[in-house]
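2 protein chains.
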Amino acid sequence: MQTQSSSAPRARRPNARDAKRAARTARSHSSVPFITRNIPLYEVLNNEGLELLEHNADTILEEIGIDFRDDPETIAILRAAGADAQGERVRFPRGMCRTIVSRSAPREFTQHARNPERSVIIGGARTVFAPAYGSPFVRSLDEGRRYARIEDFRNFVKLTYQSNALHHSGGTICEPVDLPVNKRHFDMVYSHMRWSDKPYMGSVTASERAEDTVEMTKILFGDQYLDPATGKPRTFVISLINANSPMTWDATMLGALKTYARANQATILTPFILAGAMSPVTVAGTVAQTLAEALAGMTVAQLVNPGAPVVLGSFASSLSMQSGAPTFGTPEPALVLYVMAQLARRLGVPFRSGGSLCGSKIADGQAAFESANTLLPTCMAGVNFVLHTAGWLEGGLTMGYEKFVMDADQAGMMHTLLAGVDLSENGQAMQAMRDVGPGKHYLGCAHTQANFETAFYRSPLADNNSFEQWEAEGSKDIAQRANTLWKRQLAEYEAPPIDPAVDEALLDYIQRRKASFPDSNV
Amino acid sequence: MQTQSSSAPRARRPNARDAKRAARTARSHSSVPFITRNIPLYEVLNNEGLELLEHNADTILEEIGIDFRDDPETIAILRAAGADAQGERVRFPRGMCRTIVSRSAPREFTQHARNPERSVIIGGARTVFAPAYGSPFVRSLDEGRRYARIEDFRNFVKLTYQSNALHHSGGTICEPVDLPVNKRHFDMVYSHMRWSDKPYMGSVTASERAEDTVEMTKILFGDQYLDPATGKPRTFVISLINANSPMTWDATMLGALKTYARANQATILTPFILAGAMSPVTVAGTVAQTLAEALAGMTVAQLVNPGAPVVLGSFASSLSMQSGAPTFGTPEPALVLYVMAQLARRLGVPFRSGGSLCGSKIADGQAAFESANTLLPTCMAGVNFVLHTAGWLEGGLTMGYEKFVMDADQAGMMHTLLAGVDLSENGQAMQAMRDVGPGKHYLGCAHTQANFETAFYRSPLADNNSFEQWEAEGSKDIAQRANTLWKRQLAEYEAPPIDPAVDEALLDYIQRRKASFPDSNV
Numbered sequence: 017m018q019t020q021s022s023s024a025p026r027a028r029r030p031n032a033r034d035a036k037r038a039a040r041t042a043r044s045h046s047s048v049p050f051i052t053r054n055i056p057l058y059e060v061l062n063n064e065g066l067e068l069l070e071h072n073a074d075t076i077l078e079e080i081g082i083d084f085r086d087d088p089e090t091i092a093i094l095r096a097a098g099a100d101a102q103g104e105r106v107r108f109p110r111g112m113c114r115t116i117v118s119r120s121a122p123r124e125f126t127q128h129a130r131n132p133e134r135s136v137i138i139g140g141a142r143t144v145f146a147p148a149y150g151s152p153f154v155r156s157l158d159e160g161r162r163y164a165r166i167e168d169f170r171n172f173v174k175l176t177y178q179s180n181a182l183h184h185s186g187g188t189i190c191e192p193v194d195l196p197v198n199k200r201h202f203d204m205v206y207s208h209m210r211w212s213d214k215p216y217m218g219s220v221t222a223s224e225r226a227e228d229t230v231e232m233t234k235i236l237f238g239d240q241y242l243d244p245a246t247g248k249p250r251t252f253v254i255s256l257i258n259a260n261s262p263m264t265w266d267a268t269m270l271g272a273l274k275t276y277a278r279a280n281q282a283t284i285l286t287p288f289i290l291a292g293a294m295s296p297v298t299v300a301g302t303v304a305q306t307l308a309e310a311l312a313g314m315t316v317a318q319l320v321n322p323g324a325p326v327v328l329g330s331f332a333s334s335l336s337m338q339s340g341a342p343t344f345g346t347p348e349p350a351l352v353l354y355v356m357a358q359l360a361r362r363l364g365v366p367f368r369s370g371g372s373l374c375g376s377k378i379a380d381g382q383a384a385f386e387s388a389n390t391l392l393p394t395c396m397a398g399v400n401f402v403l404h405t406a407g408w409l410e411g412g413l414t415m416g417y418e419k420f421v422m423d424a425d426q427a428g429m430m431h432t433l434l435a436g437v438d439l440s441e442n443g444q445a446m447q448a449m450r451d452v453g454p455g456k457h458y459l460g461c462a463h464t465q466a467n468f469e470t471a472f473y474r475s476p477l478a479d480n481n482s483f484e485q486w487e488a489e490g491s492k493d494i495a496q497r498a499n500t501l502w503k504r505q506l507a508e509y510e511a512p513p514i515d516p517a518v519d520e521a522l523l524d525y526i527q528r529r530k531a532s533f534p535d536s537n538v
Numbered sequence: 017m018q019t020q021s022s023s024a025p026r027a028r029r030p031n032a033r034d035a036k037r038a039a040r041t042a043r044s045h046s047s048v049p050f051i052t053r054n055i056p057l058y059e060v061l062n063n064e065g066l067e068l069l070e071h072n073a074d075t076i077l078e079e080i081g082i083d084f085r086d087d088p089e090t091i092a093i094l095r096a097a098g099a100d101a102q103g104e105r106v107r108f109p110r111g112m113c114r115t116i117v118s119r120s121a122p123r124e125f126t127q128h129a130r131n132p133e134r135s136v137i138i139g140g141a142r143t144v145f146a147p148a149y150g151s152p153f154v155r156s157l158d159e160g161r162r163y164a165r166i167e168d169f170r171n172f173v174k175l176t177y178q179s180n181a182l183h184h185s186g187g188t189i190c191e192p193v194d195l196p197v198n199k200r201h202f203d204m205v206y207s208h209m210r211w212s213d214k215p216y217m218g219s220v221t222a223s224e225r226a227e228d229t230v231e232m233t234k235i236l237f238g239d240q241y242l243d244p245a246t247g248k249p250r251t252f253v254i255s256l257i258n259a260n261s262p263m264t265w266d267a268t269m270l271g272a273l274k275t276y277a278r279a280n281q282a283t284i285l286t287p288f289i290l291a292g293a294m295s296p297v298t299v300a301g302t303v304a305q306t307l308a309e310a311l312a313g314m315t316v317a318q319l320v321n322p323g324a325p326v327v328l329g330s331f332a333s334s335l336s337m338q339s340g341a342p343t344f345g346t347p348e349p350a351l352v353l354y355v356m357a358q359l360a361r362r363l364g365v366p367f368r369s370g371g372s373l374c375g376s377k378i379a380d381g382q383a384a385f386e387s388a389n390t391l392l393p394t395c396m397a398g399v400n401f402v403l404h405t406a407g408w409l410e411g412g413l414t415m416g417y418e419k420f421v422m423d424a425d426q427a428g429m430m431h432t433l434l435a436g437v438d439l440s441e442n443g444q445a446m447q448a449m450r451d452v453g454p455g456k457h458y459l460g461c462a463h464t465q466a467n468f469e470t471a472f473y474r475s476p477l478a479d480n481n482s483f484e485q486w487e488a489e490g491s492k493d494i495a496q497r498a499n500t501l502w503k504r505q506l507a508e509y510e511a512p513p514i515d516p517a518v519d520e521a522l523l524d525y526i527q528r529r530k531a532s533f534p535d536s537n538v
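Chains A and B are the protein sequences, given in the same order. All letters in the first sequence, in the order written, are residues 17 to 538 by our numbering. All letters in the second sequence, in the order written, are residues 17 to 538 by our numbering.
Because the hints were derived from the structure by calculation, they are not lab data. Check before you lean on any hint, since a few could be wrong.
[Claimed, not checked] Chain A side only, calculated, beta carbon under 10 Å to chain B, not exhaustive:
(1) 166
(2) 304
(3) 347
(4) 464
(5) 531
(6) 534
Glycine included, every Cβ here is placed at the ideal spot set by N, Cα and C.
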């Protein structure tokens, strides 16, 4: 397997196969299940700076400690491994967490999709784009902002399935608040399984819901669930396990974490931080705390099942010191992202961060500035798993229909950027310059004709027509054009095929499990 | 002087002075006349790739050649230096241009402002932001799109003067089409001199207009014009000299170039390229052609006055292969920008590119996505002189009032990004984490209080209030808030002081020169 480093993927004179692969990644990204980057990483700190922050993370783990709330089992596991537990406060000897994680956590792993062509490799030089996650509201130009419903959830699963730029179906794309809290995970997981064939995320809001996700996954994959070579489960699910920063993990998240890790399913250990409230107001402080918290979480996963796939997650926004509101797309979170990506590589685990984050309520210029200021660093830093790639509005409170297709367009562009500079003979185009010569134009020359189909990323949403034509077409902004696009996509949606027996078994499982609940909405 | 390299500015453990300077640059950028970057450069190609493209540029200069139109003087100068001229077609022996430019062009230089605190250093680790340039139209939410007037020109000079994020007054910020073509340069240059004290650009549309710019500069700076140590003029003006790509320089631009170079004033030699029409449809082809054209132009400057300050310019957008329209903010121009910045550093001259480019007609999400996708690469690549930092709409046809203040906000953020990670003891914030501990919050802790004023970039335009408050305030998008901001700024504008005798002398010069023209509008 190719390993990722800042120097390795720099352009050498590529051979024909390289050029073909780069062209495929850049232009027809319909055919790529994930991005394999072909440009160098951006690394903001040198080794000395990184060692300092690693030292500080170890100081936090050793001197301050991490609270593990309401979960004696986890505390017993950590104590047995050499940690010092006083009540719920656990302190780790310097280097303990790093040693445990480095020893068994995989550097990269495959998350299998029910369509094998859509399986993703998470880690190394790959980038996987997943939609936004967790919004209670949705927004469209037609209806404004309202609570999300399961119908919206299905719509976003379908739009994600249709997008060439998104590789992963995601998880709680929006909260279907029209369904009971204790049952809606069945409908969400089923939607991913039924209306898409891309890989998906599991429920984490209770360990039983994680178990339901695993059970449904066993039904969906049947014979394929176990790897005959190892006798262990293959990895089909990845799930988001958030810390209660600062320096706290709670029983709900730890319960889901242990369920998935024991089943060899992947987890993303993510300190979710609004700097200034849940971490210090500085980049270096936020980074050290994030690393300490994530290390402690990954340690639990590796102790309950050494080798279980884990991803180091970082979600850091800054707080407005005036209003106390979270802010997005500002420079400080970008710096946190760059440093955390470096630290994850040094630890040897895949990294999750970034996306198209914004604080704006609507798909306006603020949303676009902030989203681009997050997505570009995400790609330059080499993030492996990108949650919140498309749809995010209002600090994650709202999933936007127009914003979704606007963000997916931007994610499409990133395929071209990460493919880098084509230095093949065709890329150098010396014959074109000889053919055209001074003072002429290249519009009709042989080289332009030969590259017509593949030259330049094509946005389905940017309007580059003349002012007069744009005005004649109604002076629309990009959000209005996006409104037309997502509706057209949904109208054209066709579900991927599924074995009717499998579908019936899934629905049967859901019906049985739902029937076992007391008829409560809590 | 500090030289710029990809490894030098990486974070060592900074001393107190470093931290102080970084904090100043990051937060109170009112006090910095330009950015001194403190984060590594992003370099997309390795040496082998760069050598290949330099080789290709030399092949273009040697085998294909460059046309110098209607300018026998320039051709004679080039022939005398060793070039082969057949009619207007000039071919250069391999390495000739590079040798001439490297021998005498300064690696960096100071452009003096009439307020010495606003003088800029162009080159090395510095980035200087200037507003957009050249639009015949202006746009505001109040009036829509209309032809620009001298009143608009003055407004943008004032807004630029007021902006902490813009370091340079720019040049033809918009075309004052209410003034005669042959006289409007007087009013433009005077506006920069009178309504700002930041450095400015000169007229290039005829060599006599360049001479007028130099004469007015002599009046403005008086005794300071000549450097007593060398007896040569100091550099007070920088001007934009565009090639007629492909591979052509015309007499108008060459005339202005020679006028400025002989007066020791700075020039930016810029191939202005819509790839697919004026260069091949590939990144590597566009880069090689840009380098060849710029080298030829800089060679002329160094031959007429060895040591005259020159800047290697690159403006590359891609063409929609469907409509033939120029497109902006796409990945290919970003790759051109990254590579050209590397090539300029290898040549040893300052580099101009980038800005906040977009194709959108209005300050919507398209404009913001495209602008951010240009400005971030601009900053990561280490561009020294950034034209079109603020206001650009519609491929440069329109200067937007709202877009201007939105872009200036983004340029402000870049100050914080380029200041990098503060690894001082305060930045590490270990005591804050000890003070707060697991499960608590940082809002009131001593470290947060101490850093309250300087923590996090503050946008004057982003709305991060609650949905309810945003709705109560009229559900405004960022363009509407920007409309309020630029009007408030203009209302609060106060002109910088000027010696009344100098002002009178400038107005007298303009009156005499204008009176000498036949009363024609051509």
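A quick look at each hint next to the structure:
no.	hint	in the structure
1	166	violated (23 Å)
2	304	holds (7 Å)
3	347	holds (4 Å)
4	464	holds (5 Å)
5	531	violated (38 Å)
6	534	violated (32 Å)
Checked against the numbered hints given earlier, the structure breaks hints 1, 5, 6 and satisfies all the rest.
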